[in-house]
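Visitor: So the protein lines, in turn, are chains A and B. At position 11 of the first sequence (counting the first as 1) the number is 11 in the numbering used here, and the numbers step up by one without a gap. Take any residue in the second sequence, note its place counting from 1, add 114, and you have its number in the numbering used here.
In short, the hints are calculated from the structure, not lab data. Heads up, a few of these hints could be off.
As the list claims (entries may be wrong) - Keeping only pairs whose Cα atoms sit at most 20 Å apart, straight-line, the calculated EDC-like set for lysine to aspartate or glutamate is:
id: 1; chain 1: B; residue 1: Lys209; chain 2: A; residue 2: Glu102
id: 2; chain 1: A; residue 1: Lys57; chain 2: A; residue 2: Glu22
id: 3; chain 1: B; residue 1: Lys209; chain 2: A; residue 2: Glu79
id: 4; chain 1: B; residue 1: Lys209; chain 2: A; residue 2: Glu56
id: 5; chain 1: A; residue 1: Lys53; chain 2: A; residue 2: Glu17
id: 6; chain 1: A; residue 1: Lys55; chain 2: A; residue 2: Glu30
id: 7; chain 1: B; residue 1: Lys168; chain 2: A; residue 2: Glu102
id: 8; chain 1: A; residue 1: Lys57; chain 2: A; residue 2: Glu79
id: 9; chain 1: A; residue 1: Lys71; chain 2: A; residue 2: Glu22
id: 10; chain 1: B; residue 1: Lys209; chain 2: A; residue 2: Asp51
id: 11; chain 1: A; residue 1: Lys13; chain 2: A; residue 2: Glu79
id: 12; chain 1: A; residue 1: Lys55; chain 2: A; residue 2: Asp38
id: 13; chain 1: A; residue 1: Lys53; chain 2: A; residue 2: Glu72
id: 14; chain 1: B; residue 1: Lys209; chain 2: A; residue 2: Glu62
id: 15; chain 1: A; residue 1: Lys70; chain 2: A; residue 2: Glu30
id: 16; chain 1: A; residue 1: Lys53; chain 2: A; residue 2: Glu22
id: 17; chain 1: A; residue 1: Lys71; chain 2: A; residue 2: Asp38
id: 18; chain 1: A; residue 1: Lys13; chain 2: A; residue 2: Glu56
id: 19; chain 1: B; residue 1: Lys209; chain 2: A; residue 2: Asp26
id: 20; chain 1: A; residue 1: Lys53; chain 2: A; residue 2: Glu30
id: 21; chain 1: A; residue 1: Lys70; chain 2: A; residue 2: Asp38
As the list claims (entries may be wrong) - Partner residues aside, some chain A positions facing chain B, computed with beta carbon under 7 Å:
id: 22; residue: Gly42
id: 23; residue: Leu43
id: 24; residue: Val52
id: 25; residue: Tyr101
id: 26; residue: Glu102
id: 27; residue: Phe105
id: 28; residue: Pro107
id: 29; residue: Gly108
Just so it is clear, CB atoms sit at the ideal spot from N, CA and C, and this is done for glycine as well.
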Amino acid sequence: DVKVTQSSRYLVKRTGEKVFLECVQDMDHENMFWYRQDPGLGLRLIYFSYDVKMKEKGDIPEGYSVSREKKERFSLILESASTNQTSMYLCASRTSRVGSYEQYFGPGTRLTVT
Amino acid sequence: GIQVEQSPPDLILQEGANSTLRCNFSDSVNNLQWFHQNPWGQLINLFYIPSGTKQNGRLSATTVATERYSLLYISSSQTTDSGVYFCAVQTSYDKVIFGPGTSLSVIP
């Protein structure tokens, strides 16, 4: 079974802090994704990564950066957290094999910025 | 861009009842997935179903790609089925669009 883990289930940070959200998958997947989920707005893609050291902006990258130094790990970085970044953050991974684009999600991190 | 709609937006069922959830999309898609988000926020894969019909226990799904819709059937519902059900469509290699979800409550 695919397993995607995230470093924290709940996180509380102060405005202006630098925040790291970590995601690790154990299925040797090439592609990894970061989404945020907000009531009434659904799931929105922040960044995704095709492979190690490769990244692409999603729909709402402003205020975020990412790092993919190893294949299994994809980090989301909030350089200076703001209250409007309070949200549920979901990481996902999938293989890049043609015809097998099923995404697998981690348990999510509920981030509160005060 | 492609629009993804789900109906109904909310559903309340008595335990043991059956239900059908619908996902409509406005353009051709390469792939489609159904997810269940449990009360703790975890998105759980239900089906990867770009076309055809699949069954897994009490759940089954059908996608008719040519008519741009997919259906998720839940039979003999249980309280553990409660949560939000999302369909997600893939329009290109890097673009996945999620529907707004159907919120299901199963009451004993």
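Visitor: Evaluate each hint against the coordinates.
Guide: For each hint, the structure was consulted:
Annotation: proposed proximity of Lys209(B) to Glu102(A) holds, straight-line Cα distance about 13 Å (limit 20 Å). For the given pair, Lys57(A) sits about 18 Å from Glu22(A) by alpha-carbon distance, which is consistent with the 20 Å threshold. Only pairs whose Cα atoms come within 20 Å are accepted, and Lys209(B) paired with Glu79(A) is rejected, the gap being roughly 26 Å. Restraint check: the Cα-Cα separation between Lys209(B) and Glu56(A) comes to about 11 Å, which is no more than 20 Å; the hinted pair holds.
In summary, the hint linking Lys53(A) to Glu17(A) is not supported, as the alpha carbons are separated by about 25 Å, beyond the 20 Å threshold. A distance of roughly 11 Å separates the Cα atoms of Lys55(A) and Glu30(A); the hinted pair therefore holds under the 20 Å criterion. The straight-line distance between the Cα atoms of Lys168(B) and Glu102(A) is roughly 15 Å, inside the 20 Å bound, and the hint therefore holds. The hinted pair formed by Lys57(A) and Glu79(A) meets the criterion: a straight-line CA distance of about 16 Å does not exceed 20 Å.
Between Lys71(A) and Glu22(A), the direct Cα distance comes to roughly 13 Å. Compliance with the 20 Å bound is thereby established for this hinted pair. Taking the CA atoms of Lys209(B) and Asp51(A), the gap is near 16 Å; set against the 20 Å cutoff, the hint holds. For the hint pairing Lys13(A) with Glu79(A), the CA-to-CA distance comes to about 12 Å; that is within 20 Å, so the pair holds. The straight-line distance between the Cα atoms of Lys55(A) and Asp38(A) is roughly 23 Å, outside the 20 Å bound, and the hint therefore fails.
At roughly 12 Å between alpha-carbon atoms, Lys53(A) and Glu72(A) fall within 20 Å of each other, so this suggested pair holds. Only pairs whose Cα atoms come within 20 Å are accepted, and Lys209(B) paired with Glu62(A) is accepted, the gap being roughly 18 Å. Taking the CA atoms of Lys70(A) and Glu30(A), the gap is about 10 Å. The hint holds against a cut of 20 Å. With a C-alpha separation of about 15 Å, the suggested pair Lys53(A) and Glu22(A) falls inside the 20 Å cut-off, and the hint holds.
A distance of roughly 28 Å separates the Cα atoms of Lys71(A) and Asp38(A); the hinted pair therefore is violated under the 20 Å criterion. With a C-alpha separation of about 26 Å, the suggested pairing of Lys13(A) with Glu56(A) is violated against the 20 Å cut-off. Only pairs whose Cα atoms come within 20 Å are accepted, and Lys209(B) paired with Asp26(A) is rejected, the gap being roughly 23 Å. Restraint check for Lys53(A) and Glu30(A): satisfied, since their Cα atoms lie roughly 11 Å apart, inside the 20 Å limit.
Our distance criterion of 20 Å between C-alpha atoms is broken by Lys70(A) and Asp38(A), whose separation comes to about 29 Å. Checking Gly42(A) against chain B by beta carbon gives a least distance of about 5 Å; that is within 7 Å, so the hint holds. Hint status for Leu43(A): holds, given a least beta-carbon distance of 4 Å to chain B, under 7 Å. At a threshold of 7 Å, the smallest CB-CB gap from Val52(A) to chain B is about 17 Å, leaving the interface hint violated.
For Tyr101(A), the interface hint holds, since its Cβ comes within 7 Å of a Cβ in chain B; the closest pair sits about 5 Å apart. Checking Glu102(A) against chain B by beta carbon gives a least distance of about 4 Å; that is within 7 Å, so the hint holds. For the restraint placing Phe105(A) at the interface with chain B, the shortest Cβ-Cβ distance is roughly 4 Å, inside the 7 Å limit, so the hint holds. With its C-beta approaching chain B no nearer than about 5 Å, Pro107(A) sits inside the 7 Å limit, and its interface hint holds.
The beta carbon of Gly108(A) is positioned within 7 Å of a beta carbon in chain B (closest approach about 4 Å), and the interface hint is therefore held.
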